[in-house]
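Taken in order, these protein sequences are the chains called Y and A.
Using full-length UniProt numbering, the first residue of the first sequence is number 1, and each one after it goes up by one.
Using full-length UniProt numbering, the first residue of the second sequence is number 1, and each one after it goes up by one.
I should point out that these hints are in silico values taken from the structure, not numbers from a laboratory.
Computed from a predicted structure; not experimentally measured.
Glycine included, each C-beta is placed from N, C-alpha and C at the ideal position.
Misleading hints may appear alongside valid ones.
[To be verified] Some chain Y residues judged to face chain A by a derived CB distance under 8 Å, without partners named:
1) 72
2) 152
3) 344
4) 346
5) 394
6) 401
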Amino acid sequence: MSHVTSAVRTPLVTGGKTYADVTEDISKQVEGAPTREWTIAFIIAVVVLIYGTACLFWTWWEGLGVWGLNKTVGWAWDITNFVWWVGIGHAGTLISAILLLFRQKWRTAVNRAAEAMTIFAVICAASFIMMHAGRPWVAYWCLPLPNTLGSLWVNFKSPLVWDVFAISTYFTVSLVFWYMGLIPDLATIRDRARSKVSRYMYGAFSLGWNGSAKTWARYEYMSLILAGLSTPLVLSVHTIVSMDFATSVIPGWHTTIFPPYFVAGAIFSGFAMVQNLVLIIRVVFKLEDYITVEHIESMNKVITLTGSIVGVAYLTEFFIAWYSGVEFESYAFINRATGPYWWAYWAMMTCNVITPQLFWSRAIRRSIVWTFVLSVVVNIGMWFERFVIIVTSLHRDYLPSSWAMFHPTLFDISDYIFSFGLFFTLFLLFSKFLPVVNMAEVKTIIKSSSEKLPASVSGVAKGERVANPTFNKDVE
Amino acid sequence: MENTSKRYWKGVEELRNDATFVKNANSEFANPDLSESSSDLDGLLGGSNTQRRDFLKVMGFGMAAVSLAACETPVHKAIPYINKPEFTFPSISDYYASTFSEGGDYAAILVETREGRPIKIEGNPSSSVSKGGTTPRSQASVLSLYDIDKLKGPKRGEADIDWATADREIISQLNSVAAKGGAIRIVTSTILSPTTKAVVADFIAKFPTASHITYDANSVFGLMQANQASFGKAVIPSYDFGKAQTIVGIGADFLGTWVAPIEYMGGYVKGRQVGAIGGGKKTMSRHYQFETGLSLTGANADYRTAIKPSQEGLVVAALYNKVAAKVGGAAISTSSIDVPNLDKAATDLASSRGKALVVSGSNDPNIQIVVNALNNLLGSYGVTIDLNSPVNYRQGNDQQMNAFIDEAKAGRVGAALFFASNPVYDHPRGAELAEALPKLQLSVSFADRADETASLAKYITPAPHFLECWGDAEPKPGFYSLTQPAITHIFKTRQFQSSLLTWVGKSNDYQAYLKNYWRTTQYPKASGFSSFDAFWVKCLNDGVFEPTTGATSGGASFTGNVAQAAAGIAQRYKPTTGMEVCLYEKVGVGTGAMANNPWLQELPDPVTKACWDNYAALSQKTAKELNVVQNDLVTVTVNGKSVELPVIIQPGQADNTVSIAIGYGREKGGKSANGVGENVYPFVSLVGGYATYAAFSAKVEKASGSHEIAQTQTHDTVMGRKAVLQETRLAEYVKNPKAGRYEPHVQTSKGPVDPNDITLWNGYGKPVHSWGMVIDLNSCLGCGTCIVACNAENNIQVVGRKEVIRRREMHWLRIDRYYSSDADVEDYSAMEVASANPEVTFQPMLCQHCSNAPCETVCPVLATTHSTEGLNQMTYNRCIGTRYCANNCPYKVRRFNWFKYFDNDNFDYHFNNDLGKMVINPDVTVRSRGVIEKCSFCVQRIQESKLTAKKERRTLAPDEVQTACSQACSTGAIIFGDMNNPESTISKVLMAEQNERAFHVLEEINVRPQISYLTKIRNKDEEPKNNKNAQQESHA
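Put together the whole structure using the sequences plus the hints.
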C-alpha cells in the first residue's frame, strides 16, 4: 500500500502522521458527538431548506408565474442556477478521475469532499431541471420510457434530451465512484464502531469489505476503470450543457466556442467551490495536516488556468461577434457590455477575469483568507456568467418589438436559496456521518521513508513517538 | 328429477323450517330483531337501536359526505338534448346573420353558434355597407353576452323586483307624470333601428309630453350642422377614400374611431394597395395628416404634422387659402400659420382636383364649413364625398342633450328613460345630471348593469345583449339589416322596445312588431318574393336588405358662408403658449360603453401598445420640460377639474399638448372596467352648444408617485434591422419593384450565396397542402381587429394589467409597431430613441410556421412538430413546459401559461365562471398551466373544411379555409391559403410578388417561414432620413 517518496519532496501530509493518526483524526469526526459548530450550521441549513421547500412548493402549486420570467425571457434564474450547479459539480470528478490518471497524489486529501460536493451539486442542478418545467409532474417524459402511445418517444435532436442523458450518466458514475471509494473507509469505521447501530449501518454499507489483498486489488482496478469512465464525462457534461445554447438560433447563444469555454468555466467554478468547502472543513475538523497549503495552492493554480481560459473565451466571443459581421450577434455583444444589463456583464468580467489573475502572487495563492474570499468571488462571477449568457441574450434578440427586461421576484431568489439549503444540508450530513477525507488513500501518501521526526508531532501515539523515533515505522 | 344429493342444514332452525327462518332465508345477514325498523333514520341516529351495520352505514355516509363537501367535487354540466332540434348538430356550427350596433358603430355580422350558444362574430360579406368588415368591438361583443356582472332581472333601487311589479309601478308613475303634464324624456345614444324609432314614436304618441333626446359620447354634431349650413342637409355624408388621390385628414382618426372606420378603411386601402394585391397598379393615394396625438390614422399617413388643438382651425383656413390661391377661389381672412407640409398638401390637393378629399374630425361647425368649402373647391362632392348617401352612425344633438340637463336640473323633467346611454358617465355634464336624477319623479334605465346612470335611476329594467334580441338597423338610407337572437334570454331581461310597448299598453311582442313594421315598410320595396314570409326568411338569412344599391348622385351646391365661418375660426383659434389637451377615443375601448370587456381592455392600443389604462401622452420635449418620465403621474387640470394620470412618452405628439383617451375611469361598469384609468369626459367642454374634445388652456403638473402603464411592446424602434422590416418609397418602387428589399448573402469560397442555400436541414415534404400567409404591410393599418378575432376563435386568455406589465400577454397574434429613428445605423443607443415625429410601420407578427423550425428541434418531448401541410403544430398535452421552444423562437411568438388562467379568481376575466366560459370555442383546447401555446393557423378551421370537402367528395376550393385573423381583416392585409393550389389567392400573389415585394422576416437564418410579407411602401418624396447609411447587403 505505501510507497516510497523522495525525501526532497514536500510531504503531502504534514505533522508526521502515522496510519493510526490518519484513522483516528478522520474517524473521530464520524464517531464523536456532533460539534457545536456543526450543529449550528446544520440547523441553519435545515431552516433554509425548509424555507426554500415552502417557496418551491408554492412555485409548483401556483405555477411558474411566481417567477419573473416573461414571453421574451423564458429562462433566467432557473437555468442560470442549473448551469451554475452543474458547473460546480465538475471539480469533484476532475479531482477524482483526471488527477488520478495524472497521478496527482495530492488529490487524495480532497477528493472525497470534492466528490460529495459533485453529487450534491448535481442534485441541486437536477432540482432546477425539475423546477423549471411548467408541468414537473410529467417531466419524466424526457426519459425514453416505453409507453402505450405508440411511436411517441423523446426528441433525440433536442439538447435537453442530451442533457438528461449526460447528467444522469454523470450523476450515476460519480455516485458509484464516490461510494466505491468510501467502502474501505466505511469498513474502518465499522471495525471501530462501538454501538450496535453504527456497526450494523456501517457494516451494511461497507458491503462486507474484508481488506484482503484481493479486495484491495479489485478496488484499485475499479478506481482506474471508473476514473477512465469519468474522465470523458468531465468534458462531455458541460459540453452538452453548453449545447443547450450553442445549437440554438439566438444571437449570443449560437456560438461554437461554447463547449471548451463552458468546460473551463465549470472547472473554474468547481475548484472555487471545493476551496470554500475544504477551507472550512480543514479548520472545523482540524485537518490542517491533511489539507495543507500545498493543496490550496495547487487548486488555486487550476483556478488561475481555467479562469484565464474563460477570460480568453470572453474576448474571443467579442472578436468573433465583430468579425462575423452579423448585425444581430454584434448587437448582442454590444448590448451585453453596454445595454441595460451592463452591470451583470461587468460583474462577470471583474469576478472571472481579474480575480484569478491575483493568484499569480504566491502570497495570495497561499493565503487562506485570500483564497476563501476570491473563491466566493469566482462563484459569484460564474453565476453572473450564466445570467449574462441566458438573460442578456434572450432579452434583446431578433425582433425589437419583443425586447423585454427580466426582474427577479422573491420566488426566483427563494428557489435559489432552496438549493443552498439542500446542498448544505446534504453536505453537512455527509461531513458528520462519513469520513471527509479518504483515509485509505491518504495512508498511501504518508511518507514512509525514515526521515526525521518533524518538529511538531501530533496524533494518537505522540508520547511513544517522541520517546521512540522508530515507533510505528515501516521496517525496511 | 329426484334430488339424490345429500342435504346439509346450516342450523337447527333450517332443519325445523321456522317461520322466522324462512322469512330471512335470503338475506345474507340475519337480523334477529325484525320488530325494530332498521331503515328508520331516526332510529339509527337515536342510538339505542343502532346496530353494527347501520352504524357503519351512517359512518360511511358521514365520512363520504364530509369528504365530498370538503373536496368541492367538480360538477360537470353536460346537458344532452332530450329532443334534438332538427337542424342543430352537436359540434357543428350554425351561423345566424345579425347586426352589431353599439353607440352608432355598425357592422353586419354572422354569429357562429354552437349547441345554441354564440361563440364568435364574423363579418357578413352580404352587406355592401360593412362589406364583411368588423371592428375590435364588434368582434369582442360576444364576450359581453356572457358578462356575469350583468343584472339578472329588473330592480327598484337596490331591490330585485319582478317584471309585473316593475311594469305596474312604472306605468302608474308614467301616467301620473303625464297627468301632471310633466316632461318625459327618452335619452339614448344614436339608434340605427328604424323600428325602435317607431316604438319610441308610439310611446311619444301615448305620452305626448315625451320627447326623444339623442346624444353621442363622441359627437360629430358640428359636422352635421355644418352640412346643414353648407348644403341644407344635416347629415354625415359618405366618404370614399378609395377614389381620392390626395387625402388630408385634420384631427380625424377616420381609420380608427371617427364615424365609420370599417367603411373608410376598406376604401382607404384600395388607394394604398400596389402590385399584385392592388390589381397590378403602381400608384398610391397620398395621405397627409394634421393632428395632435399620434392616431392610428396619423400612423398610416405619408406626411404627418403634429399640431396643437388650437391650431386646427388655422390649419384648415390656411389650407383653404393655399388651395384657393391655386385653383382660383376667394381667400378668407385668417392669421398665418406655419406648420410643415401645409404647402405641399395644398399643392397636391390642387393638382389632384376632382380626386381629393379633406376630412376634419373637429366638432366645430365653422371648421367643418371651411372644410366643406375646401372640398367644394376641390370638386370632391359627387366623387369622394356623397351627400346623397349619408350615414346614420351619429345622430346625437349636443344642444338637445344640453337642454335636457338644464331642464332636469331645473326640475322641469318628470320622467327620464335612459336606453343605450350612460350620460352620468360619458356626458361632460354628467355630474350635474347625477345630482338632478334623484329629484326626478321617475327615472328608468335600460342598462344591462347598474352603471353610473342606472344606479341613480329609480328603476332598472335591464335590456338584454343584442345577441339575445330582435331588431333592425339602417346604417344608411336604403340599407337595412336585421338583428335576430342567437340565444334565448340568459337572464330575466326584456328588450327596451318590448318594455316601451308594454308601457304604452300594446302587446310586448317586439318580434311581431318588427315583422309587421317590415311587412308595411320594407316588403313593398322588395320584388320577386311570393309572400312576405318568403321575404322575411330571405332577409333573416341574408341579414341585410338593400333595396337601393347605393346610386351616387352628382355634386352638391355649396351655399355656406365661408367668410363668416372664417371669422368664427379667427375668433376662436389663436396661438397659445400654454399646455393644451386633446381628447381622443381608443380603437379598443371606444367611448367606454363596452369597457367591461376584458378582450377590449387587453387589446393593445395600436399606436402606444398600451392596454388596461388611459394616460397622458406627452412629447419627449414637453416631458423633459415638465421633468417627468414615462409612468410618472401628472395632474392635468382643465376648467377647474383635475385628473391624475401616468405619463406616456409619445413620439409624434405635438409639443405642449397632452392627449388623453376618453372611455376610461368607469366606476360602475363591472369588474374589468372599474378603476381602469381616469374619466376625462368632464374635460369635454360645450362651446356654442358643440361638444369640444380639446381644451386650449390646461395645466399639467408633475404629481407625486408613478403608475406603470401596461404595454405589450416597450421598444419602439426597429434598430435599423432591415431583415425585420423592409420598406421603400413609391417612386423607388415604380422604378424597381424590388426596392427596399434586403437580400443578405453569405460569403463562401465560391463567392456570395443566399444563406438559405447553405443548409443542414432536409426539410419536410408538403405533398398535399402547404398552408401559408401573405401579409401586405401596405394594407395593414394596425387596427387590431385580427387580435380580438384570434382571442375569440382560439380561447386566448386575458391576463390583466399586472401580467401585461410583466410582459406575459397571451396574444397569439400581435401587431408590432415600429417608429423610425433619426439616428445613424451604427449608433445603437441613439437608434433606441424614436424620431420626434416618426414614420410608423405596423407589422402583424404571429407564428411563422417555419419549415425549418427552431422550436421543433429543441423540444425534448416532441410536443411541437411539423405537419405534412407546412404547419408547425403544438401538442398541448405532450408539453412539459421547458420553454426552450419559446426561447429559441426568433420571432418570440410562443406563449407560456404561467398560471392556470381559467377557473382562477386571480384572473377574473369571465373564464372563471360558467357563464363566461360559454364563449369558449369547443374546437380549441383551453390550455392548462405550464404549457406553451401559439398560433396554429386556426388548424381547427383547416380540419373542419377538409372534413367537409371529404364528405362532399371534392377537393378543397381555393381560399375555402380562412383563419380568424384573415377573415376579420377589413382591409385584406392578411391573405391565407394553400400555396400548393395555384388557384388560391395566396399562390397568385406570391407568384407575382416573389421577386418583387415579398420577403420573409429574418430571411438569413434559414428558418423558411410559411408567411411572407410585402414591403411597406410610402408615398413620400424625399429620402427617408435613416437610410443615408444603409448597410451593405452582405454578410460574411
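Right, here's what the structure says about each hint:
1. 72: 6 Å, holds
2. 152: 7 Å, holds
3. 344: 18 Å, violated
4. 346: Violated - the Cβ of residue 346 (chain Y) stays beyond 8 Å from chain A, reaching only about 17 Å at its closest.
5. 394: Cβ of residue 394 (chain Y) sits 6 Å from chain A, so the hint holds.
6. 401: With a closest approach of 4 Å, the residue 401 (chain Y) hint holds.
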